[in-house]
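> Given next are the chains, with one letter for each unit.
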Amino acid sequence: MRMSEIMSAMDLSVWPKAALIIFIGVFVIMAWRTWRESNSDMAHNAALPMDDEPHH
Amino acid sequence: MSGSAAISEGQASSRGVAMEQFSYDDAIVRKFLLMTLIWSLVAFLVGLIVAVELVLPDLSASAGPLGQYLSFGRLRPLHTNAAIFAFAGNALFAAVYYSTQRLCKARMFSDALSNLHFWGWQLIIVCAALTLPLGITQGKEYAELEWPIDLLIAVVWVAFFGVNFFGTLAKRRERHMYVALWFYTATIITVAVLHVFNSLVIPAGLFKSYSVYAGVQDAFMQWWYGHNAVAFFLTTPFLGLMYYFMPKAAERPVFSYRLSIIHFWSLVFIYIWAGPHHLHYTALPSWASTLGMLFSVMLWMPSWGGGINGLLTLRGAWHKVTEDPVLKFFVVGVTFYMMSTFEGPMLSVKSVNSLSHYTDWTIAHVHAGALGWNGFLAFGMMYWLLPRLFQTKLFSKGLATTHFWLATVGILMYIIPIYASGLTQGLMWRAFDATGQLKYPDFTETVTQLIPFYWLRILGGLLYFGGALLGAVNFFMTWKARPAVYDVPVYSAPALSAAPFHPEVAPESKLTNTIDAGKKIDTIMSVWWHRVWERKPALFGVMTFLAVAAASLFEIVPTFLIKSNVPTIASVKPYTPLELAGRDVYIAEGCYNCHSQMIRPIYAEVKRYGEYSKPGEFVYDHPFQWGSRRIGPDLAREGGKQSNLWHAIHFNNPRDINDKSIMPAYPALLTDDLDFAGIQQRVRAMAMLGVPYGEAVKDGVAEKMAREQAQLIADDIKKQRGPEQITATKKVVALIAYMQRVGRDINPPPDVPAAPAAPAAATVTPAAEAGKVSAAASTGAATSGGRP
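Protein chains in written order, with this note's numbering: chain H, 633 to 688; chain V, 111 to 898.
It should be emphasised that the hints constitute simulated quantities derived from the structure, not laboratory data. Ideal Cβ placement from N, Cα and C applies to all residues, glycine included. The reader is advised that the hints may include incorrect statements.
30 Å max Cα-Cα, derived BS3-like pairs, lysine-lysine [said to hold, decoys possible]:
no., chain 1, residue 1, chain 2, residue 2
1, V, K549, V, K770
2, V, K724, V, K549
3, V, K673, V, K460
4, H, K649, V, K460
5, V, K717, V, K460
6, V, K590, V, K358
7, V, K503, V, K358
8, H, K649, V, K673
9, H, K649, V, K724
Covered stretches of chain H, as calculated for chain V (at least 3 residues, CB under 8 Å) [as the list claims (entries may be wrong)]:
no., segment
10, 653 to 663
11, 674 to 681
Chain V with its partners taken away, still in its complex shape (with noise of 0.2 Å):
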C-alpha cells in the first residue's frame, strides 16, 4: 500500500485572497479500514466459536491442553472485545481520519501521530487477543484489560488520536465546525473520561489488579461506564459517520442541520445519565436506578430524532438506493438504529427489565445494535471508500449487493430466535404451578428449551460471517486493481483568518424601546455566543466536557457519599487469602459471563436462589461481580449448597453431575498448581483498598493462612473418596473454597472448629473469622437441584 506523500502546504494566491494548498493523508486511512475488516472477520470467527460452544459444551475441552485457553468464559471478552474496540474501533477511526481532514479543509494535524494511533491501536488489541485466552482480565465487562494495557489505552486515546484530533480542529480551514466534528469530540472526550475512571486500580502484581471501587459503587462505575461505552464508542462515532457519509453517498446534504444540533446536544447530555438501567432491583439503589430508567426514557427523542434525519436525507434520492449497495448498507444500519434505539429505552423500563434482565433479550438487543447499526455502518462506508481511496472501480458490485443480503437475513435469523429464546427463558424463570411452586425448579430445563434457538443464532451468524468474507473478496480484488502510484490531489483554500466569518462579537439588540437590561437579554437570547462556540474547539470541547461531566456527577456524588446507599453488615468479613485467590481464579475463568451473583428482591428468584442480595454484602468485593447474563444459575447464595466433593467433580466435568449441563469442563483446575507465593501481594493490595486484613498482610501469614485452609478443603475431599489428583495445591481447591463462601456472611452458620489454623496473631483478624466460615461450608451437604 503507497502512502501518499505529504505535500509541503504552500501558498497560492486567487482574487487577492491568500490561498493555501494541501493534501489529505489518506494512506492512514487505508489502514484503518484495512485493519477495519480483518478485525471484524476475527470478532464474527470468534463469536461464533463462542455460539458453538454453548451447544457443544465439550468443545473447548475436547481440544486438550489448549482447551482451558479456549473456554466460553475466556473467549466471549475476546468476542466482545474484538467486536468493539478492534472492528467498531478502526472503523470510527478510518471515519474520523477520513472526513475530519475533508471538513476542516486541513491535513491532519501530525502524519507521525496518526500513524502511532494505528500502531498503537493494534498493539492494544494484539494484547487483549493474548491476555484474555490466558485469563488475565480485570473481570468488568467490555474493561477487562489489565492495567498496563489500560495505560496503554490512555496515552494512545488522549496523546495520539485526541492531540491529532484537536490539532487538526485548530489548524482548519473551514470556519464552521460541522457537526459530525462535534459527534467525535464529545466521543475523545468522554471515552477518555469513562476509560480513566472506570479503570482506576491497584496493581497487584504486572498481570493483576483490583479496582478502587467495592461491590455497589464498582457496579455503578462499571455500568457508567459499559452503558456510555455504548454511547460514546458505538454511537456517538458512528453518527458522526453517518452525518459525514449518508449526504455524500445520497449527493445531498442531511435533511435539517437544526435537527442535527438538537439530536447531538441532547444526546451527549441525556446518554450519560442512563447507565444504573443495567442494574435495576439490583442492590443499586433504588433513586439511581430510576434516575437512570427516566434518562433512557427520554433517549427515545433525540435517538429517534437523528435516525429520522438521516433516513430523510434521502428525500428524493430513494430510487438510488435499489442500485447502490452503500445506501442499502446506510438505509438499513439507520433502521437499526432507530430500533435499537426504541428497544433500549423500553428494556430500561423497570417492569420490562425485572423480565429481560438476565436473558438472551439483552444479546438479540447488543446484536442487533453491534451488526445492524455499527456493522452495517461500517460496510457500507468500506464500500464507499474502497473506491476512492484505491483510486479504481468497485471489483463487483454485485458482491456487495450480495453481502448486504447475506447480512440482513444473517442479522435477523440472530435475532429473531434469540429474542424468542429471551422470552422463553424469562418466562420459565417466573412461571409458577398451580401449588405455588416454581414450575421449572432445574435451571437446567430453562437451558436445554433454547439450544434449538442457540443453532439458529449459528446459522444467522455463518450467514453474517460469510457476507464479511464477500466484503474481505472484493476489498481484496479492488485493492489489486490499485495504480502503482497514489495520484495525491493538491487542493487549496483560505487560510481561515482571510474567511468572511460572522464577527465574533455581541449583536446590537434591536429592540428601541426597552430598558438596558432588557436589551442584553435580547442579545444573550439571540444565542450568539453558541456560534462562537462552535467555531472555537478547545472551548466547545470543554462544553461537551461540562455536559457529559455535570451528568455524571449527579448520580456518582450521591452515590458515593450518601451512607444510607450501603448499610453496612456487622457479619459481613473479608474472604481469607485463599478465597481471595479462588475468587482470582473465578474472575481469571470469566464465570461472571455466564452466573450472576445478584438475586433481585423478586419472588420468583428467591423462591428459586434464596434472600436477596443486599449492597452491605459486596463492601469487600474489589470488583463486584454480579454478571449480566444466567446462562447457568444464579451464586449469590452458592456458599454451603454443594459438597466441597460435588464442586470437585462438577469443574472437572460438569456433565458428571448433570448430563444436560452445558457449563465447559475445567480438567485443568484440577491438575493446574495455584501461585501460593503470589497470595500475599494481592492480600495486601486488598488491604490498600481499606479491606482490613490485619495481621494477614505481615510477610508470609497470608500464604500460610491459605495453605492451611487448602489443606483443610483437599482433606475433606480426599475423606469423600475424591479424586486422588486434588491435593492441596490445585487451582480448584482455592476456587471451592470461594465458592463455599460467596453469599454466607448474612447469615454464618454456627462458628465450627474446623477453621483453618491461622497464626496466631492472625486468629483475631476478620480474616480469620472468615476462614472459620469458609471451613464451616466445607461440611455443607449436596441439596439443590440441577445445574448447568
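With the rest of the complex left out, here is chain H (with noise of 0.2 Å):
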C-alpha cells in the first residue's frame, strides 16, 4: 500500500486537533520552564544587553 493511500484513508479533522495538541504541549512546556527559572537568573539575561562592552 501506497503512503498516499495510507493518507488517503485517514479522516482529516485529525490533523487539525493534532496541531492543536502538539501546540499547546509545546506551549505549557515553555510557560512551566519560564515559571521554574530563577528571578535572579532573568534578571541577569535581562541585563545581558546593557553589559556588553566589557572592560577595555
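Put the complex together from the two separate chains, hints included.
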C-alpha cells in the first residue's frame, strides 16, 4: 500500500486537532520552564545587552 | 570608510581568571547600514513609480522602447524585492552583525565570511534589479528570482551568513544566549528551509525554469514560503533587533525576559502554520485554510505579548521619547507591529478575508508592516548606530526628528486612503441591485473609483521618501565628520570555559517521600534541560528546526499525499507548446501582479467571472498563477470570451478598447518576435515534471506545432482586418493563444476542424487535443463587459 493511499484513508479532521494538541503541549512546557526559572537568572539574562562592551 | 583592523585575540590575566582580548568588527556593520539606506531609497522610489503608473497608465509606454522594461508588472516585483530583501535584508544584517558580536562578547567567526556575505548579498540584489525589469522571473510573489540567483541566495545565506553566525555563537564568551540570538537563529534556519523548498525547479535554460510543484500544491508551497518570509525575514530578526536595541536606547533591560521566551517559542511554533490563510476560498482544501486561520488567530497572543514587552521596556523612561528620535522611531515601530499583528489575524478570518482578499486592504496591511514596523525600526537603529559607528556626534537631531514626523505622517497618508480603497473595492465587487444583478458589472467602474485614493497614496509615499532623503543627508554629514582613523577598542572577557555557570547535569529532586519515578518526573519538570539547550547553539538550532519542520509537515504531507485534495478532471489537458510559450510571456510581463486566476465560490464572483475554479484545473500549471490582487479582473475563465483581434488591440493599448482602463500598453508584444526555437526545451522541461506531452518532446515537434497554431491565430486576426504587423512570429500571438485557453478545459467547446495541423505522430497526444481547444477559442465572440 502506498503512502498516499494510507494518508487518503485518514480522517482529515485529525490533523487540526493533533496540531492544536502539539501546540498546547509546547506552550505549556515553555510557560512552565519560564515560571521555574529563578528571578536572579532572569534579571541577569535580561541585562546582557547593557553589559556587552566589557572592560577595555 | 576605514575598516577596523582585526586585533589578535591575546590573553591577559585578571585575578586568576584567564582573560581574552578581542575587538568587534564594526566595518561590516557600517557597510550593511550604508546599503540599508541606499536600497531603502531605491525601494521607495520604485514604489513611487509603480504608484504613479496606476494613475498614469501610459507612463511606461511613453518611455519608448524602454517602456516595456518599466511596466507595472515588471517593476512591482522589483519594488517588493528591493523593500524586503535589499532594504529590510541589509537592515537585519546590520543589526545581527552589531548585536551578535556584543551579545557573544566575540568578534564574528570570520571577517572573510562577513565580507563574502556582504558582497554576495549586494550581488544578488543587483542581479534582481537587472533581471526583473527584463522579465526574467519565476512568477511567484517574493520568490521571482530565477534559479541561478536562487542558488546564489542559498550559498550566501547558508555558507556565508549561517556559518559565520553559528561559528560566532560557538566561540562566544557569554554563557547564556540572549533572546535576540534565538530570534536570529530561527531566522537563519527557517529562511533557508523556506527558500530551498519553495525554489525547487526544473531549469529550461539559464533564465527560465518551472516549479516542480503544480497548481494547488504550488500555491500551498508558495504561501507557506510567502507568509513565512514575512514571519522569518521581516518579523523574527526585527524582534531580535527590538530586544537588543530597544533596551540599549532606553538604557534599561527588557521589561520581562520570561515573556520574551514565551514570545519566541510561541511565535516560531505558530507562525509556520499560518500560510494557508492567503488561500481562503480558493481551490486549496478547506481543512488547510481553516488550519491556517486558527493558527493565525492564535498569533495574536505572542505578537501582542512581544509588542507589549517592547513598549513596557520604556517603563520609567517615557520622558526620553519626547527628546530622542531613536525612541520615537522605536515606539511607533512597535506600535505598528502590534497594529499589523492585530490586523493580520483579523484578515485571516474567513468571513473578513472574503471581503478583503484581492483588494487594496492587503496592500495597506503590508505597508503598515513594512514601512511602519520594519522601516521605523530600521531607521531608529540607524540613528542609534550612526554616532557609535562613525565615532562622532549625529549631524542633526532635528533632521532626524523631522524624518520621523515626515515618515509618520507619510505612512498614515498612505495607508488610510488605501484602506478606504480596499473597502470600496471589496464592497463594489459584491454589490447587487434590487433585481439581483451585479450593481457594478463593469470592472472598470470599481477601479476608477479608486483613483483619488491612489493620488493620496502617492502624496503619502512622497512624504515617506522625503523623510528617507533627510536620513541620507544625516547619514552623509555624520559620516563626513568621522575621525581619520577609527578607534578600535580592545575588550577583554574570560573564556567561556572559565566562566562560572550552572552545571549541565540534572538537579537533585527535592522530593523525599516519593518513589524514584516521582523524583525523576520532578527533575524533568524543573526544565533544566531547556537551560542546557540555550547554551548549545547547534542543539538549540536543531530544536528550532524541529518546531518549524513539524508544523510544516503537518500541512505539507496531507496536502501532497491525500488524493481527495485535488480531484482529477479528465478533460483537463496540458497547454499546447504555443500556449505554454504564451503563458511564459504572461509570467514575464508580471500579469499576475494585477490579475488573479482563481474564482472563489462566492456568488458575486461566480456571477461576474463564471464557474468557480476547481483544484483539478491546475494540475499542469507550473507555476500556479492564482495571483493575490485584482487591479484588473480575474482571468480564470477568460478563454473564449473575446476574439483574437480584441486581445491584439487590447494588448497594444487597452485605452483603444476602454478609455478608462489603467492597464499598461504593451506595443512591444506586437513587434517583438517569439523565441520559437526555445519552445522545445521548455516542453521537455515540463515533460520532466510529468506533464504528458507525448510526441511533442521529440526534436522539432513542439516548435512545428507552435508555428502552426500561431499561423492559425495570425490568419484569424488578418481576416478580421487586424494590425498588419501582427504575424505568426510575434509574442502577442502566443499570449493570445494562452488567453484563449485559460479556464476552458472543464467545459470544452465542441470540437472544431480548425485545430492546428500538428504532426501526425502528435495528433493523438493530449497536447494536440488541447490545441484544438485553443483553435476553438480563437473563434470566440467578444461578449464581456468593460475591462481595465
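> Indicate, hint by hint, whether the structure satisfies it.
Evaluation of the provided hints:
1. With a C-alpha separation of about 18 Å, the suggested pairing of V/K549 with V/K770 holds against the 30 Å cut-off.
2. With a C-alpha separation of about 26 Å, the suggested pair V/K724 and V/K549 falls inside the 30 Å cut-off, and the hint holds.
3. Using a Cα cut-off of 30 Å, the hinted pair V/K673 and V/K460 holds, with the two alpha carbons roughly 24 Å apart.
4. A hinted pair counts as satisfied when its Cα atoms are at most 30 Å apart, and H/K649 with V/K460 qualifies at roughly 19 Å.
5. A distance of roughly 20 Å separates the Cα atoms of V/K717 and V/K460; the hinted pair therefore holds under the 30 Å criterion.
6. A hinted pair counts as satisfied when its Cα atoms are at most 30 Å apart, and V/K590 with V/K358 qualifies at roughly 25 Å.
7. Restraint check for V/K503 and V/K358: satisfied, since their Cα atoms lie roughly 17 Å apart, inside the 30 Å limit.
8. Taken as a hint, the H/K649 and V/K673 pair is honoured in the structure, with Cα atoms around 21 Å apart against an allowance of 30 Å.
9. Note on H/K649 and V/K724: the hinted pairing holds, with a Cα-Cα distance of about 27 Å set against a maximum of 30 Å.
10. Coverage of a stretch by a chain is defined here by at least three residues with a beta carbon nearer than 8 Å to that chain's beta carbons; for the segment 653 to 663 of chain H and chain V the count is 7, and the condition holds.
11. With 8 residues bearing a CB less than 8 Å from a CB of chain V, the segment 674 to 681 of chain H meets the requirement of three and the coverage assertion stands.
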